[in-house]
Amino acid sequence: MAAERILSTPPHPLRIGLTPVILDDQAAFLNKWRDYLQHKLARPVIFVQRGSYREVVDLLREGKLEFAWICGYPYIRNINNFRLVAVPLYHDEPLYHSYLIVPASDTKTSSLDNLRGKVFAFSDPDSNSGYLYTEYLLSTQGFLPATYFAKTFYTWSHRKVVEAIASGLAQGGSVDGYVWDTLSKTHPELTSRTRVVTESPKFGFPPIVASSSVSKHDIAALQNVLTQMVHDKEGASLLDSLNLNGFVIGNPRLFDSIADMNRFVEKKRINVAP
Amino acid sequence: MLHLKHISLGYKIPLRVAALVIVTASVLASVLVYRSIGNLRDNMIANADSLGHLIADTLIEPILHDDVWRAFEIISIPLSIPQDKARDQGAEYILVLDASNKVFVSTQPDRFPILSDPITIEPGLSPIVKNPPELHAQVPVIIETRQLSSFYLATAIQSDGVRLGTLIVSYSKEPFEKRFYSLTQSAILITLLVLAVLLPFGVYWARKMAAPLLQLSETMNRIAPNLPEASEIELEETKDEIGQLAKSFKTMLAELKGKEQLQQQIIISDRLAAIGRLTAGVAHEINNPLGGMLNAISTYKRHGVQDPLTLKTLSILERGLQQIKETVAALLVETKTQTRPFDLNDVTDICTLVQSDMSGKQVSFTCDIDIVDAQPLSSTLVRQIIINLLLNAVHATQWQGCVRLHIWCDNSNLFIDVFNDGSYIPKEKISYLFEPFTSLNQGGNGLGLWVIYQIVQQLGGVITVQSDPDETRFIIQLPLQETHE
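Chains W and D supply the protein sequences, listed in that same order.
Using my numbering, you'd call the opening residue of the first sequence number 1 and step up by one each time.
Using my numbering, you'd call the opening residue of the second sequence number 1 and step up by one each time.
The hints are simulated quantities; they were obtained by calculation from the structure and are not laboratory data.
Be aware that a few hints might be false.
[Unchecked claim] To give an idea of the interface, some chain D residues facing chain W are shown, with a C-beta separation under 10 Å as derived from the structure:
1) ARG70
2) VAL105
3) THR107
[To be verified] Derived lysine-lysine pairs resembling BS3-like cross-links, with alpha carbons at most 25 Å apart:
4) W:LYS118 / D:LYS102
5) D:LYS12 / D:LYS239
6) D:LYS102 / W:LYS151
7) W:LYS32 / W:LYS233
8) W:LYS216 / W:LYS64
9) D:LYS427 / D:LYS259
Note that the structure is predicted; figures quoted are calculated from it, not measured.
Think of the CB as a built atom: it goes at the ideal place given N, C-alpha and C, for glycine as much as any other residue.
Generate the whole structure from the sequences, applying the supplied hints.
Right under this line is the structure:
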């Protein structure tokens, strides 16, 4: 009877939200990875992409997604609602940097201090590397991005921050170090038009998290597939495309430094607010 | 300096036709280029205007949301479309100004950084900034000046009647100018080709048109000093005005020629008449004493002393006086003598008389007589005319030459035509031909033709002389005298 039921009702698909913490604009690659996951998980997988981190996070909170690959910043803000599934390994560590980049033509800028009164590009207000870290740095000096810079704007993607800097639209920008490094391999003509001024301390790499409604079985299944990717040829090739070394189960404490910055910045925001 | 109006028609008409062809071809080419450029420009403006409105409408939300990146992505799209730079009139750059006319975003952020003042960067934009386009403008605002290397198309970005900003699309004139030059180049090439075909044709026709005029002018120039012969005039008588002119000109020349000939004849006959009067007067004056002298000699010979010396002297005097008498008699042509009418017997006599002269030179003589009956003309005079003419002809003709006599008549005239193939009479001598003592050959006394002239003149006839190399012909026309029945 049970077997019949399994056969008659196909398992309902796993919906995985993607954000631009990776280069999520490669449709062909995503199709291959989806097919891989479907094959390994033996159930349909749907990748869901939205214009901003917030939309994906909201979908996950509302249980409209089972999993999502999001930034550490929204994860620590929703740490009670989301379950940590896996953290990618980048250069064999589940860690990455935030880069401060300027146009390559700008050879003088050596720190954020030189960019005061300039136009600055952030990737997403819910990004750690693309927003929070820079806001935190300014907060420690008693500044807010909106007043420190002449103008700021969001590109809603790390890659587009690099494009904005490369085109000269903004004089400075905060970008995910992993994305910049990966782009420098795949699109050197783009990154060569930018210059990395400073690197942040290491933070926990954007994790794959699960909605609180997802069963432990499903979480374990995905964890298993992700951590084992490195061991089979197809998975290794996909990881290579992602410019990652693999996935580990990871520890929520990896993101403590982000949580600390968040607390500091939120306090400052309240203080400054009228 | 050579003035245009002094140039020959042979050059002027072809030159004018060539100039006309060149001007026409150039004007046509210019008009075509001008129209093509106009069309190109209109198309470009229409495209730019629709593009401007499309972008302006799409930009409303990003501007309202202060989303610089979205705006940048939107305005980058038209420029990222690959274009054929030589042909397409793609935008050079796109600039979005916010409501306070500061740069909101541009496709050239290095040149127009965000928040910068566009006028300080590109002063050519000041007309747009100072006078931004109407919110609902029907016609696009185009800023174009000769000094600027670009022209600008401005569109208002508005939402709910509020100006959010201004979209400025800049178009470089360079591809436009390139297009203009390539169009001009091909137009010039085509014009030259057309000219290469039309010019030779035009010049050919023009020359053809000028040719009769030139001929006419050339012939007119030849009127002085001598009228050209009709055979020398090469004027085509066509139905057009020039042909008519040629015809009239020929008629005029012929009339002039006739008049000239008439004048010449009058002069000759006047002169001959004067000479005739003079010789007649002199002859009469000589004849009276001459008769007396001859009578005196005759009387003395009969009744005087028969001294041999005196008789010999008187004989010499008598012979001399006799010669004077004969000469005077020859000068004084007397036509009043009443003789029998001219008939075929006279012709036979004449032939017999001249036979010895003919055979002396082995001349082939043909006699062609078309009269049957006796003609009412004095046989003595006609015989004298014919004998004189035949003897002259025999003298003039070569050894073993050819002489022909043709006599015929119509209702009122007898015609005598004497032909020889000897040396011809030069033109300048013809007018003096009939004067006495004008001899063309060594032997004659120069009175033969004078006598003929006097006789013909007194009989009211006409002498016509045609003398060409190898053919000299005297035609005498004598009116038949009325027979008194």
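Now for the hints, and whether the structure bears them out:
no., hint, in the structure
1, ARG70, "9 Å, holds"
2, VAL105, "7 Å, holds"
3, THR107, "8 Å, holds"
4, W:LYS118 / D:LYS102, "15 Å, holds"
5, D:LYS12 / D:LYS239, "24 Å, holds"
6, D:LYS102 / W:LYS151, "12 Å, holds"
7, W:LYS32 / W:LYS233, "13 Å, holds"
8, W:LYS216 / W:LYS64, "17 Å, holds"
9, D:LYS427 / D:LYS259, "18 Å, holds"
In summary, this structure violates none of the numbered hints.
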